[in-house]
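Novice: Heads up: the sequence shown is residues 1 to 188, going by the numbering used here.
Please keep in mind that the hints were generated in silico from the structure rather than gathered at the bench.
Note that the structure is a prediction, hence the values are computed from the model and not measured.
The C-beta atom is built at its ideal place from N, Cα and C for all residues, glycine as well.
Keep in mind that a hint or two might mislead.
Here are the computed distance ranges between Cβ atoms for each label pair [as the list claims (entries may be wrong)]:
1. R188 with H146: 54 to 62 Å
2. L181 with A83: 29 to 37 Å
3. E102 with R188: 52 to 60 Å
4. Y133 with R175: 32 to 40 Å
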Amino acid sequence: QTADGNALPGRDIHLHRIRRAGLLQVVADIAEADLVEAGRQCTGATGCHLILSPGASTLDEIDKAISWASAADHTTVLACTLAYPTPDEDANLARISTLADEYSRVGYSDHTLGTVSAVAAAALGAVLLEKHYTYADSPAGPVADHAMALDPVRMAEYVAGANLGARLRGEHRLRPTPAELPALLNAR
């Protein structure tokens with residue numbers, strides 16, 4: 001429902017589909033105040049997180065959606081390229097850093113083929129990754145995004161890559177790491 005209590009035909013199911021972990025609102029939704037407000041109400045009622053996946057959006061459009069949601073502290077903004085599948089040269093993972101300069105929690109909505117992007121996205125600061133999942137053995141499917149979906153084995157590789165990327169990211173403070181201390185003692 002919208003803020004004024006009107007039903008949003010066809011949208012209610014989408015808004016409640018991933019209620020436990022977070023509510024994902026896609027590019028079409030962030031341009032509509034009523035849909036973003038409905039998302040905020042849903043997350044407020046369930047205590048879950050609002051996740052905006054604003055492919056093909058500008059920072060101004062994202063800012064507007066976050067202001068409508070009144071939930072900046074409980075929102076994760078995903079870098080996203082609105083292409084299924086996304087060619088590697090259009091993935092533009094630098095958007096993660098741009099978003100991190102603006103918002104407290106950022107992630108990556110991954111429409112690329114394969115698993116390598118998980119390492120890079122996490123290393124750049126993504127704290128949440130969204131990747132399509134399938135049980136099917138074949139990349140052919142009824143929808144365009146099935147080709148980029150990962151099966152259980154490849155999804156495990158993706159998660160391992162994301163964990164590696166997070167470890168590689170480290171911290172922003174510049175100071176010697178524990179691994180550098182022995183060399184530091186001998187170098188100075």
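Novice: Does each hint hold? Answer for all of them.
Specialist: Evaluated hints:
1. R188 with H146: 54 to 62 Å: holds, 56 Å
2. L181 with A83: 29 to 37 Å: Violated, at about 46 Å.
3. E102 with R188: 52 to 60 Å: violated, 39 Å
4. Y133 with R175: 32 to 40 Å: holds, 39 Å
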